[in-house]
Structure formats: C-alpha cells, structure tokens
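Colleague: The residues making up each chain are set out below.
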Amino acid sequence: MNLEFSDDQKFVQKAARDYLAEHSKLEVCRKVLESGQAYAPELWKGVAELGWLGTAIPEQYGGAGLGYLELVLIAQELGRALAPIPFASSVYLCAEAILQAGSEEQKKKYLPRLASGELIGTFALAEGAGDFNPSDTTVTFDGKAVTGAKFPVPDGGAAGIAVVVAKEGAGVSLVIVNLDGAGVLRANLAAFDPSRPQAKLEFKGAAGDRLGAAGQGAKIATAVLDRAAVLIGYEQIGGAERALDATRTYTMSRFAFGRPIASFQALKHRMADVFCKVQIAISNGYWAAWALSNGNSELAVAAASTRVSASDAFTLASEELIQMHGGVGYTWEYDCHLFYRRARALAAAIGTPSEWRDALVSRVDAA
Amino acid sequence: MNLEFSDDQKFVQKAARDYLAEHSKLEVCRKVLESGQAYAPELWKGVAELGWLGTAIPEQYGGAGLGYLELVLIAQELGRALAPIPFASSVYLCAEAILQAGSEEQKKKYLPRLASGELIGTFALAEGAGDFNPSDTTVTFDGKAVTGAKFPVPDGGAAGIAVVVAKEGAGVSLVIVNLDGAGVLRANLAAFDPSRPQAKLEFKGAAGDRLGAAGQGAKIATAVLDRAAVLIGYEQIGGAERALDATRTYTMSRFAFGRPIASFQALKHRMADVFCKVQIAISNGYWAAWALSNGNSELAVAAASTRVSASDAFTLASEELIQMHGGVGYTWEYDCHLFYRRARALAAAIGTPSEWRDALVSRVDAA
Amino acid sequence: MNFDDTPQEAEFRAKARAFLDQHLKRLDPNAPGGDEFERETKDDIARAKAWQAKKFDAGWAVLTWPKEFGGQGLGRLENVIFNQEEAKYHTPPPIYGIGHGMLGPTIMAHGTQAQKDRFVKEMARGQVIWCQLFSEPAAGSDLAGLRTSAVRDGNDWVINGQKIWSTGAHYCDWGMIVTRHDPNVPKHDGLTYFIIDMHAPGVECRQIKQINGGSGFNEVFFTNARVPDSQRVGGIGEGWKVSITTLMNERVSIGAGQGAGRVKDLFRLAKKVKRGGKPAIQDSAVRQKLADFYITSKGLQYTGYRTLSAISRGATPGPEGSIGKAVGAPLSQQMASFASELQGAAGGLLDANAAPDASWMEGYLASPGIRIAGGTDEVLRNIIAERVLGLPAEWRADKGIAFRDVPTGTAKK
Amino acid sequence: MNFDDTPQEAEFRAKARAFLDQHLKRLDPNAPGGDEFERETKDDIARAKAWQAKKFDAGWAVLTWPKEFGGQGLGRLENVIFNQEEAKYHTPPPIYGIGHGMLGPTIMAHGTQAQKDRFVKEMARGQVIWCQLFSEPAAGSDLAGLRTSAVRDGNDWVINGQKIWSTGAHYCDWGMIVTRHDPNVPKHDGLTYFIIDMHAPGVECRQIKQINGGSGFNEVFFTNARVPDSQRVGGIGEGWKVSITTLMNERVSIGAGQGAGRVKDLFRLAKKVKRGGKPAIQDSAVRQKLADFYITSKGLQYTGYRTLSAISRGATPGPEGSIGKAVGAPLSQQMASFASELQGAAGGLLDANAAPDASWMEGYLASPGIRIAGGTDEVLRNIIAERVLGLPAEWRADKGIAFRDVPTGTAKK
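Residue numbers (this note's numbering), protein chains in the order written: chain A, 71 to 437; chain X, 71 to 437; chain H, 69 to 481; chain R, 69 to 481.
Don't read these hints as lab results, they were simulated from the structure.
Values in this document were obtained by computation on a predicted structure and should not be read as measured data.
You may find that some hints are simply not true.
[Said to hold, decoys possible] Chain X regions said to be covered by chain H (calculated; three or more residues, Cβ under 8 angstroms): (1) 92 to 106; (2) 215 to 225; (3) 242 to 255; (4) 357 to 364; (5) 375 to 384.
[What the hints assert, rightly or not] The calculated PhoX-like cross-link candidates involving lysine-lysine, where the alpha carbons are at most 20 angstroms apart (straight line), are: (6) H:K467 to R:K467; (7) X:K101 to R:K346; (8) R:K346 to H:K346; (9) A:K101 to H:K277; (10) H:K135 to H:K122; (11) H:K93 to H:K117; (12) H:K110 to H:K277.
From the three backbone atoms N, C-alpha and C, an ideal C-beta is built for every residue, glycine too.
Please put together the full structure from these sequences, using the hints given.
Modeller: Below is the structure:
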C-alpha cells in the first residue's frame with residue numbers, strides 16, 4: 071500500500087500550480103465572468119502549449135502519454151485557480167469519450183486537435199431540469215443526422231464538436247456532431263458561474279458521426295461520467311482547499327472586539343469542520359484516482375464517493391468563505407463569490423450529488 | 071390572534087410542575103429504570119387523585135371535563151419530570167381511542183376506570199421492525215376473538231386493556247381486549263428506556279370487543295395517533311427544555327482552563343441552536359394544541375409538524391446534554407442518560423419522525 | 069389560545085383589504101414569489117412615495133405610531149394584519165422599513181421635542197426618505213468599534229469618516245449616524261448620535277455592487293460634513309444607548325419578518341421537476357427535506373406570532389426576536405441550495421427561460437447577504453446565548469481601555 | 069499510488085493469516101459486528117494473556133517495537149496488516165491497546181535504561197497489564213489542570229488524590245500517572261510523571277458504571293501511596309512533556325482505528341427492514357443517508373491510511389490523526405441513531421430477540437462515550453484548528469499564573 075503521489079507527479083503538480091499562479095490569477099477568472107467572454111484565450115493557449123490538454127492522451131494521438139495520476143493533479147490546480155477555460159468539457163468529457171469508445175479513425179481525427187487545443191469539445195447530455203437518465207433522451211439520431219435540443223451544455227458556445235447522447239432506434243447511442251456545421255443552432259444561457267458558460271444546442275438534422283456501437287450510448291456515457299466525476303472532483307477539491315485557505319487568511323487578519331476573529335472558537339470549530347470535509351474528499355479522491363489510473367473495477371464506487379464528497383466540501387467551503395468574510399464577502403468586488411459560483415456550477419454538472427448518492431448505493435450493493 | 075395560554079391554563083401547568091417537582095424527582099424515574107418495576111405506583115396514584123388522567127374526559131364519564139389545552143400543559147410537565155408512569159399509553163392513546171370511536175356503552179364501561187387510574191390502557195399497533203401501516207397488520211379479529219402478536223407495546227405489561235389494531239375480513243378494525251383475560255400471553259421486552267417498559271402481546275383467540283365500525287380501524291387509528299402526536303410532542307418539549315436547562319446549569323458551574331466552559335463560544339452557539347430547535351417545536355406545538363382543542367382541520371398537518379420538531383429537539387437536546395457534561399455525562403450515576411433514553415423511546419413511539427415527515431408532505435399537498 | 073382572527077381583527081382585516089382593493093392589483097397566489105433584487109429605480113422611488121402618501125392620507129400609514137406623529141396609535145397586531153394583506157398585492161418596493169421601523173421610534177424615544185416636531189410626522193408621510201449610518205469597514209459585528217469622528221466646532225459638529233452597508237442611502241434625504249466624539253475613553257463611552265442631511269456638502273454616497281448584481285447598499289463618505297448640535301439625538305456620549313434602541317427595533321421587525329418563506333414555491337417546484345422519472349415530490353428523499361423546511365418555516369412564523377402576541381399584550385420585545393433571523397437566514401440558503409439541486413443541470417443557470425424556476429438560484433446568490441446583513445448568524449447566536457440563556461459573555465480584549473489603545477491588527481497586516 | 073498490497077505486503081499478510089488460522093476461529097463475515105460492552109471477566113483476561121503469550125512467543129506481538137524490547141522492529145504498515153487480519157477472527161477482548169500503543173512507547177522515549185530493561189519487554193509479553201492514570205474529576209479536557217499531588221519523601225514520592233477514566237485499572241498491575249509536585253508554578257510546569265504499582269498500599273480502584281451498563285473505566289484513589297524515585301519517568305517538572313508523548317501515540321492509534329465502521333452492517337439492516345412496504349434500502353431517503361455514511365466512512369478509512377502511508381515513509385505522526393476521531397465519533401452516533409430509527413418501534417428496544425439488530429441501539433448508548441473518551445469532539449476540533457490550521461489559541465484565564473491561583477469556580481458552587 072502506498073497512498074502518495076510519486077515525486078514526478080508532485081513535480082507536475084508544482085509546475086502547474088506555479089504556472090497558474092502567474093497566468094490564472096483570479097482577475098483572469100473575473101474578466102471572463104464580467105466580460106461575457108467564452109473563456110480566457112491566452113490561458114487556453116498557454117495550457118495547450120504546456121501539453122496539459124493531452125496529459126492522458128496516448129502519444130500516437132498527439133498526447134503527452136502521461137497518466138491519470140498526473141491529470142488529476144493538474145485538475146486540482148485548475149480548480150484551485152478557478153481557471154476560466156473549457157478544460158473539463160474538452161478533456162474530461164469529450165476526449166475521454168472518444169478515447170473510451172472511438173474508432174481508430176475517430177481517434178486519429180479528433181484527439182490530436184483536442185490535445186493541441188485548436189479544437190474544443192464538449193459533452194451534450196442534459197435536457198432541461200431535474201435528474202437525467204440517458205435513456206430518457208428525446209434527441210434522436212437516425213444513423214446520419216441528429217435532431218432535438220440539449221441544454222444546458224457546458225461550453226456549448228465555444229466548442230467545435232459535441233459528443234451527443236441521442237436515441238437511435240430503441241437504444242441510445244453517442245454521436246459526434248460538428249457544432250459549426252449545418253443544422254446546429256446555439257444560444258448562450260445565463261450561467262450561475264459565467265466564468266464557465268452554458269449554452270443551449272438545437273439540432274435540426276445536424277450531421278452526426280456515431281461514437282461506439284449503436285445502442286451502447288448509455289453504457290459508454292456512464293463510463294465517461296465516472297471518469298469525469300473523478301477529474302471534476304479534483305477541481306472541486308482544489309477549489310475547496312483554496313476557499314478554506316482564504317477563509318483562514320482573512321479571519322486571522324480581520325480584528326473585532328480587539329481580537330482576530332479567527333480566535334473565536336465558533337469560527338475555529340467550523341473551519342476545522344471544513345478542513346475535515348476537504349480531507350474526506352481528498353481521501354476518496356486518492357482512491358478514485360488510483361482506480362482510474364489502473365482501470366480498477368472499484369472506480370464505479372470510488373468515483374461516486376469522490377463526486378459526492380468533493381461537491382459537498384467545495385459547497386460548504388465556499389459558503390463559509392463568504393460567511394466568515396462578513397459584509398465584504400457579499401460584495402462583487404471581493405473574490406468570495408467566484409468560489410461560491412464555481413462550487414454551485416461544478417455541483418450541477420454531470421449529475422447532482424443526490425443522483426450520485428443514489429447510484430453509489432446500487433453500486434456498493436452490487437459489488 | 072392570541073398565542074398564549076390562559077391564566078387558568080397556566081395555573082394548571084404551575085400546579086402540575088410543583089407537584090411533580092416534589093413527587094416525581096429524577097430518583098423516582100431512576101428507581102423504576104433500575105428496579106424493573108412497570109411504573110411508579112405512588113406517582114400514578116397521586117396524578118390519578120389530582121384528576122390528571124381525566125383532564126380531557128367529559129364529566130359524565132368520570133373525567134374533569136377540562137380541555138386539551140390543559141392536557142398538553144400537563145403532558146409538558148410530565149415530560150419535564152421524565153415521569154415513569156403509563157400516562158401516554160392510558161390517556162393519550164387508549165382513552166382517546168375510546169373517546170373518538172367508542173359506543174356510549176364502551177365509554178361508560180371504560181372511561182371512568184381509565185380516568186380514576188384503576189384501569190391502565192394501552193394501544194397495540196406495532197408488529198416488529200420497520201415502519202408500520204395499520205392495513206399491513208397480521209393480527210386478525212373474527213368478530214369475537216383476536217389472534218396474532220403485537221410488539222413492542224408500550225406498558226403492555228402493566229395495562230389491563232389494549233386497543234388492538236387488527237384485520238377484520240378485508241378491512242382493519244380496532245378491538246378492545248382485556249389483557250387479563252384468557253388467550254393473552256405477555257412477555258416483557260428489554261426497553262431502551264426501562265422507565266417506560268415495552269412488552270410483547272400474543273393473542274390466541276382472546277375475546278375482543280370492537281371499537282368503532284368494522285373496517286374503520288385504520289381511519290380511527292390515524293386520528294388517534296394525530297392526537298397522541300401532539301400530546302407526546304408536549305412531553306418531548308418538556309424533556310427538551312429541561313435537558314437544555316441542565317446543560318446550561320452544568321456548563322456554567324464546570325470550569326476548565328480557568329473559565330466556566332459555558333463561556334466557550336462553540337458551546338454557546340450549540341446551546342443557542344438547541345434553544346432555537348426547542349422554540350420551533352414549541353411554536354408548532356401551540357399550533358397543534360389549538361387545532362386539537364377546537365377540532366380544527368389543520369390538526370393533521372400541525373400534529374405532524376409537532377411530532378417531528380419535538381422529536382428532533384429532544385433528541386438533540388439530550389445528545390448535547392451528555393456531550394457538554396463530558397465524562398460524567400456518560401456515567402450511570404449522573405442523570406443525563408435518563409433524558410437520552412426517554413428521547414429515543416418517545417421518538418420510536420407512534421411512528422418514527424421519518425414516517426411523519428412523509429405523511430406531512432401528503433397532508434400539506436392535499437390541504 | 070387562538071390562531072384565528074378575533075371578530076375585531078377580522079373586521080380590521082376586511083377594512084384593510086377594502087382599502088387595498090381600491091388602489092392595488094392583487095398578486096397571482098400561484099405565481100412563485102422569488103427574491104427581489106435591491107434595484108430601486110428613480111421611478112420605483114416615485115411610485116413608492118406616491119403609494120405611501122395615499123396610505124398616509126387615508127390613515128393606513130405607520131399604524132403603530134401615535135396619532136400626533138401621523139400614526140394611528142394601533143397595536144403591532146393590526147400592523148401585521150395590514151402587512152399580511154398588503155403583501156398580497158403588487159406594490160412598489162418597500163423603502164420605509166428602516167425609517168418607520170427603526171429610526172422614527174428612535175427619535176420618538178430619545179429625540180428632543182423640536183426634533184420630533186420637525187422630523188417624525190414628515191417621515192411618516194414618506195416624501196422624504198431616511199437611512200441608517202452605523203456600520204463601518206472596520207466596525208461590522210463589532211459596531212461599537214466605529215471610527216467616524218465628530219468634532220465640536222461652535223454650534224456644529226464636523227463629521228469625518230466612512231460608513232458602509234447603508235441601505236438606500238443613495239436616494240435618501242436624511243440619515244441617522246453614530247460617531248465617535250472621544251477616542252480616549254472606552255469604546256462604548258465615546259459615541260454620539262446625530263441626524264444628518266444627506267444632501268449636505270461633504271456627504272458622498274457610492275453604491276456597493278453585491279454578488280447577486282443588486283446594489284441596495286452604499287458606502288457613505290464624510291469629509292468635514294457639518295451637523296448642527298440641534299440634530300444631536302441623546303446626550304454627548306450616549307450614542308451607544310441610542311443605537312441600541314434603533315437595533316432592538318431592527319431585531320423586532322426582522323424577527324417578525326422572517327418565517328414561512330417560500331415553502332409553497334418549493335412544493336410547487338417539486339411537483340414540476342422530475343427525480344427518478346417521477347415528479348420529485350413523490351421521491352422519498354425530497355419529501356423528507358420538504359417536510360423539514362415546512363416545519364421549520366411554520367415554526368419560525370408562529371415563533372414570530374408568539375412574540376407579537378406577547379407584545380400586543382404589553383410585553384416589551386426581547387432578544388427572542390433573534391430566533392427568526394438566526395434560523396431563518398441559514399434556512400433561506402439551505403432551501404435555495406436544495407431547490408437549485410432539484411433542478412439538476414439547470415440548477416447551474418440563472419436563466420429564467422431555461423430553468424424551471426431560476427428565482428431559486430437568484431435566491432442562492434442573495435442568501436449569503438441575508439445571513440450577514442442586520443446581524444450575522446454569529447452575532448445572533450451570541451445574543452441568544454448571552455441575553456436569552458444568560459451564558460457568560462465572550463472574553464473581551466477591548467474592555468475598559470481607551471478606544472485608541474484597542475488592538476486592531478493593522479500592525480500585523 | 070497503490071491501494072493494493074505490494075508483493076512483500078501480500079506475503080506478510082499470508083504469513084499472518086497462516087499463523088492466525090492455526091490458533092483462532094474465523095468470524096462469520098456476514099454476522100453483524102456490534103459494539104462490544106467493556107466487560108472483561110477474569111476469564112476474558114486469562115484468555116487475553118494466553119493469546120498474547122502465544123503471539124509473543126511466535127514473534128507476532130508488538131510488531132513495531134524494537135527487537136530488544138520484544139518487538140519485531142517492523143513498520144506500522146505491517147502492524148496494520150496484522151491487525152486487519154486478526155480482526156477477522158474470534159479473539160479475546162483487546163486489553164493491550166493502552167500499554168502497547170501508548171505507555172510502552174513513552175517509556176522507550178523518556179524512561180531510564182533501568183526502566184526499559186525492567187518493564188518494556190515484560191509489557192510486550194502481556195502477562196502483566198498496564199493502565200493510564202491521567203484524567204481527574206476536575207481535569208478532563210483541561211488535563212494539565214490535574215491536582216493529584218506527589219510529595220518527595222526520601223527516595224520515595226508520596227501520592228495523594230484521585231484519578232478517573234482509567235481503562236481497565238481494576239485488572240491492571242502497573243500504571244503510569246501524571247502528578248502535581250508543585251502548585252506554585254504555572255500549571256504545565258508543576259507536573260511529574262511516574263510508573264506506579266497498582267497493587268501497592270494506598271491504591272484503590274472503583275469501577276465506574278457507564279450509561280450502557282458497561283464498566284471498563286475506573287476511579288482510582290491514592291492515599292499516601294508511595295512510589296520510588298527510580299520509577300519517575302522524565303525529570304521533575306517534565307510531566308507535561310512526557311504526557312504529550314503518551315497522548316500523541318493515543319491519537320495515532322485512535323486515528324487509524326476509526327474508519328469504515330459498521331457501514332456494511334447498516335446496508336444489511338436496510339435490506340432486512342421495511343420502509344413503505346419495500347426493503348428500506350430501496351427507499352430514496354434511506355439511500356441518501358447510506359451513501360453519506362459510506363462515503364464518510366471510506367474517507368476516514370483512507371485518511372487513516374494516508375497518515376499511515378506517510379508515517380511508513382518516515383513522516384512523524386501529526387495532528388491530522390485527529391480527523392479520524394473528530395469525524396468518526398459523531399459519525400458513530402449518527403449511524404446508530406439512523407439505524408435505530410430504521411427499526412421503527414423496535415428502535416426503542418434493547419432486546420436482541422425482538423429487534424432486527426439491537427446492537428445499533430446498544431451502539432447508540434455507547435456512542436456518547438466515543439465522542440468523549442480520549443479527547444472530546446471539542447478538544448479535537450481545537451487541535452485541528454490550532455495545530456493543523458494554525459488559528460490563534462483560545463484566550464487563557466490560567467496563563468502564566470501559579471496553578472493554585474487559577475479560577476476554579478468552586479467558590480461559585
């Protein structure tokens with residue numbers, strides 16, 4: 071048993087943290103949030119040049135051929151920096167789907183461009199409100215064309231391709247759609263976290279290229295979402311760690327009644343509770359990262375555990391971040407709300423924690 | 071609008087509190103708990119002589135002909151005193167069932183003896199574990215005799231009669247059974263709170279006297295349980311108030327690090343949270359007591375609200391009572407566990423809070 | 069014990085409704101409420117003033133105030149009944165809460181006869197609007213730590229410093245401000261309270277943008293702003309005592325204000341969205357949450373009524389009023405969070421056209437402010453612990469020493 | 069990163085299992101575990117000693133201790149592997165945790181060579197049993213507030229006072245005690261640490277009955293009990309430093325100990341009992357709870373393993389170990405409470421014949437002790453806040469003053 075990342079992996083993380091500390095300051099996130107930009111292009115270009123987009127993509131498809139233990143640590147740093155780029159949509163979801171289910175030809179066609187960042191991909195799953203089961207999809211694929219609407223789709227405005235969950239005959243298939251092609255209407259939606267934009271995609275007979283076997287879509291989607299749950303979980307962990315750190319720093323410097331407010335026991339105990347929640351998430355994350363990196367069957371349970379604990383940790387940490395800042399924490403000017411927005415956005419992505427809890431019980435019970 | 075009890079009602083409460091402070095000290099509860107007695111006979115005799123058992127029973131049936139606003143306040147004091155007597159089983163459940171559904175003859179036959187305390191009654195609903203829906207009963211009534219087992223039955227060892235929920239043909243009926251008669255086997259069960267004993271009743275063709283119309287049992291039982299939920303809720307409120315008060319008193323006198331531990335903010339905030347929970351329960355209790363006393367249709371929702379909030383308040387208050395006492399709170403010698411036991415026992419009675427939450431949503435939705 | 073109106077109350081309610089029917093349009097009871105942004109346009113303010121004048125002239129304004137001050141000398145109960153009814157109609161944004169709920173009563177309690185005559189009745193009719201100038205960047209929960217200075221100069225006082233979180237200051241005509249006239253005595257002893265003209269030279273408002281995009285609060289800067297001594301409320305050094313009156317009234321209005329919240333809307337949402345293929349309201353986990361929210365909300369509502377009922381029988385409003393906000397504020401965040409999650413992926417949107425009910429996500433953005441403004445969760449728990457339960461006060465590093473010597477940590481920064 | 073055994077670890081695990089198979093009966097993996105009462109009969113103790121001797125003689129005792137002290141000089145990892153395997157068998161009650169986990173390491177760290185030679189190896193074989201004598205009625209969370217006095221008399225020290233919460237003291241042969249040799253200096257400076265013979269005159273044990281009926285703890289009274297100075301551990305006045313060593317080891321053992329808890333049993337129960345006519349595990353609300361319990365338990369288990377993994381690579385056990393108990397102790401109460409409610413009316417019983425799984429109600433009675441013993445929830449949160457997050461320490465009313473002058477409130481009582 072060895073529950074530590076290797077020195078090489080820690081080096082990758084350190085490098086990522088240093089790079090983002092310089093090139094993804096919170097002003098960068100705020101600029102996207104306030105300007106309505108789709109993402110921060112310089113930062114996207116930067117991480118692409120560093121090869122982060124292809125971290126887990128094999129070299130023959132233009133990737134770095136590193137592994138998921140490296141990718142999760144990069145994800146943790148992107149989360150810590152609240153990086154305003156379509157990394158999750160393009161790498162954890164779209165590229166992973168193609169890696170998992172793509173034909174050799176599809177891999178050759180898409181992965182190099184996704185790895186280089188010239189192409190941005192996303193994953194079109196949800197269809198409006200409530201929980202969503204792929205087999206409930208009302209979007210159809212007739213073998214050639216896709217028809218129907220998907221929303222919200224993360225980075226649906228910026229993406230060049232989307233992997234779409236659609237009905238094909240009686241079953242469900244995944245279909246790659248070129249979003250710049252004919253028969254695709256896009257509309258940006260007002261997002262809770264404008265630094266991670268959402269869009270509505272309407273397909274009116276848009277040309278589609280099936281990904282994986284017909285009728286296997288639900289199965290593949292589940293596998294892809296499990297993998298994304300781990301990677302997004304690490305982004306949430308990074309965000310939660312930073313939110314707690316910012317809470318700590320502020321409460322130590324803010325004085326009331328002649329004392330730093332961090333010396334008030336009620337706040338101390340609540341910060342301790344946040345710390346514990348973050349540690350629980352990290353430990354589940356280690357488990358899931360290991361299972362992801364070596365294809366262990368425990369991934370199904372570990373991914374759900376990570377998804378839930380990381381969502382809870384980031385949500386609590388961001389709520390306490392504002393609360394312990396008091397009035398200024400509620401101002402647009404301070405950065406607290408950037409964390410609060412990101413926490414909600416990530417908790418709403420790829421299925422809510424409640425859905426994952428429910429799934430976890432079935433998976434544990436089946437194991 | 072007037073959300074206050076009348077001076078007369080407050081006088082009844084004050085008298086009850088004073089009497090119990092003298093005759094139902096915690097030693098009385100402890101004695102029953104440690105001795106395996108069914109209840110404290112002197113105390114039972116005393117409250118009977120004071121007419122409490124008949125508080126809400128009309129005078130023509132030997133009651134005091136007061137109302138439910140008086141009865142809830144007596145219940146609150148019995149709860150505060152952790153009185154070790156079968157008051158709830160005999161008064162809130164058995165007598166209420168007969169009042170609600172009994173024939174004139176049955177009322178004449180049973181109510182005076184229940185009011186005088188010479189007869190102890192109970193209500194036999196549960197059949198083992200899990201939640202319980204009257205229509206799931208496996209106990210049968212053929213119009214004359216009752217067959218099957220009920221457990222746990224509160225005060226099933228001490229009671230002279232039980233109102234039994236049983237299948238009659240396709241429907242469910244309530245049946246009064248003389249527990250001292252032939253065909254009744256009783257076995258005491260080890261209770262979480264031995265000051266409120268539980269028993270298993272086995273009926274082997276025991277003679278039964280139907281209460282209310284055949285097939286109306288489920289409907290009547292629901293009405294009886296709603297009323298009992300309010301009255302037991304007031305016992306829980308009384309217990310919670312005292313638990314908080316004892317926590318307050320102890321933490322003010324216990325010193326650590328040169329300060330009373332009540333001056334540590336983490337404990338202060340948690341005691342404030344307990345106080346708020348108790349107040350929420352009290353406010354719901356007022357609502358339910360009013361609805362109960364004037365037969366208002368809001369009783370269905372108000373009773374469920376009281377049942378849940380009072381259970382939660384007493385549970386939290388009793389857990390914090392032990393926790394804030396530290397080590398001594400975990401000793402048999404200290405009285406903390408008497409509250410902890412009673413809180414669990416009352417929460418497990420007449421349906422769990424979870425069941426009542428579920429019922430509340432249906433009722434609100436229907437309203 | 070009676071949760072229904074007495075005949076007199078019912079009659080009063082009917083009269084109120086009759087008046088409101090004449091002038092306002094009823095709300096659709098089935099339309100979700102939603103948390104409003106604090107964005108009062110000039111036009112909103114004008115409409116609010118017009119409506120207040122109508123109420124005043126018809127005898128429906130500041131009902132609890134004495135007749136001499138333009139009120140009706142009615143009890144808090146009648147006031148609540150009127151508010152309950154008014155809440156069923158489309159009205160301009162409420163901009164008089166602070167003036168009528170807190171500042172007016174403070175002047176009535178501590179002001180000179182001249183101040184009462186000059187200001188209170190005018191305030192009642194609402195053609196001039198008042199704001200509160202208490203909090204400062206370095207004095208929030210620790211209000212008495214405020215630094216805005218007042219220096220005597222002849223018959224005037226010269227005010228310098230900065231206030232923050234002043235609701236509506238940017239459209240207000242008058243403000244009530246607590247200042248420090250003497251930093252050389254312990255902090256509570258060096259405070260003095262004034263009425264200040266918001267249009268006076270040296271008074272500058274800057275709206276604060278909130279995380280939800282609203283900007284109901286202001287920073288207010290004072291640069292040699294002059295206030296005549298005749299506008300001093302209470303004695304020199306009595307500023308803390310006077311402020312307490314203001315804050316106690318705040319607690320009462322808030323305490324009564326919170327409550328049932330938006331539970332109805334939440335049930336409505338749970339019927340609209342699906343969980344596991346069925347309407348979410350049929351999902352057992354959702355039902356457990358709905359029940360808890362309902363029960364807590366009802367409990368808060370009736371806790372407020374209990375206080376009210378006691379007050380209407382002559383009891384003085386006590387610290388119990390804090391329960392409403394102590395529980396209600398976090399509850400509003402928990403409900404908004406739950407309702408957002410109920411909407412699944414759409415819970416990550418603020419888009420009314422794409423989400424079943426985006427007002428919940430707006431509410432999730434607004435709720436942190438509710439937990440902070442007008443007394444943080446922490447302050448309210450301290451009040452309940454110390455003033456209701458009588459637990460020992462927190463140790464004080466600033467006790468009995470001159471304000472100027474109180475540690476501020478600025479050295480550390 | 070590897071959650072599986074390395075080949076060496078797997079081999080070690082196999083060897084351990086082979087040894088255990090020879091001597092013990094395997095537990096039925098599907099039988100619910102249940103919280104055991106602390107009721108060690110004379111017979112239990114005898115069996116425990118016999119088993120410990122067997123382990124010692126076969127080289128499976130105190131694996132992490134150096135060979136010279138009867139250990140095997142193995143790492144914590146091997147130790148955990150052995151414990152994991154041993155936990156799968158029927159064993160006598162564990163009575164060596166304190167001696168082997170805390171006291172032995174303390175002697176090894178601070179004892180004289182003579183003390184090490186005399187006591188440590190003997191302790192390893194477990195034919196004599198050791199207890200810890202730290203807490204006092206007026207010194208629980210505030211351990212350094214202890215009052216039991218030690219007065220020098222020739223080559224002896226004379227001990228007077230009372231200790232409490234001493235696990236197993238009634239069947240122990242030796243104890244390690246912290247005393248106050250000087251009340252005239254600040255409280256941490258006046259403490260001295262000794263090894264004491266529990267059979268010596270003037271030492272009297274009285275078992276404490278717990279709320280769950282168990283009585284594993286004792287009050288221990290000292291009346292002019294004499295201890296030779298040769299049994300002093302560490303210097304005069306170094307008692308606090310030595311105690312910290314003991315307590316740090318406690319934290320590590322507990323930290324690793326907590327974790328996965330009884331989640332499996334909870335799933336089992338949820339299949340057995342019904343909710344709404346179906347097995348409770350199919351109920352959405354039940355599933356949400358099961359998931360949270362599972363996730364927190366797994367998170368704690370792996371948090372313990374992370375610490376372990378770091379230690380096995382040479383890191384020194386830090387305050388992070390507190391997470392296991394800070395989260396695990398309340399979790400055990402929440403799980404027991406939930407499992408009791410799952411059993412409906414039967415959740416009000418302690419009757420194994422009438423309830424589907426009465427061990428949960430037993431557990432609900434035991435769990436308050438878990439939240440208190442060996443560091444309360446509050447102490448652990450303070451440790452995390454101050455020692456992990458580096459937040460400022462609580463203000464201290466007892467700082468820098470002679471112990472005898474520290475306020476005790478006894479006047480108030």
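Colleague: Hint by hint, note whether the structure agrees.
Modeller: Each hint tested on the structure:
1. 92 to 106: Result for this restraint: violated, n = 0.
2. 215 to 225: violated (count 0)
3. 242 to 255: violated (count 0)
4. 357 to 364: n = 5 at 8 angstroms, threshold three: holds.
5. 375 to 384: holds (count 3)
6. H:K467 to R:K467: 19 angstroms, holds
7. X:K101 to R:K346: 41 angstroms, violated
8. R:K346 to H:K346: Since the Cα atoms of K346 (chain R) and K346 (chain H) sit roughly 18 angstroms apart, the hinted pair holds (cutoff 20 angstroms).
9. A:K101 to H:K277: 16 angstroms, holds
10. H:K135 to H:K122: Holds, at about 17 angstroms.
11. H:K93 to H:K117: 17 angstroms, holds
12. H:K110 to H:K277: 17 angstroms, holds
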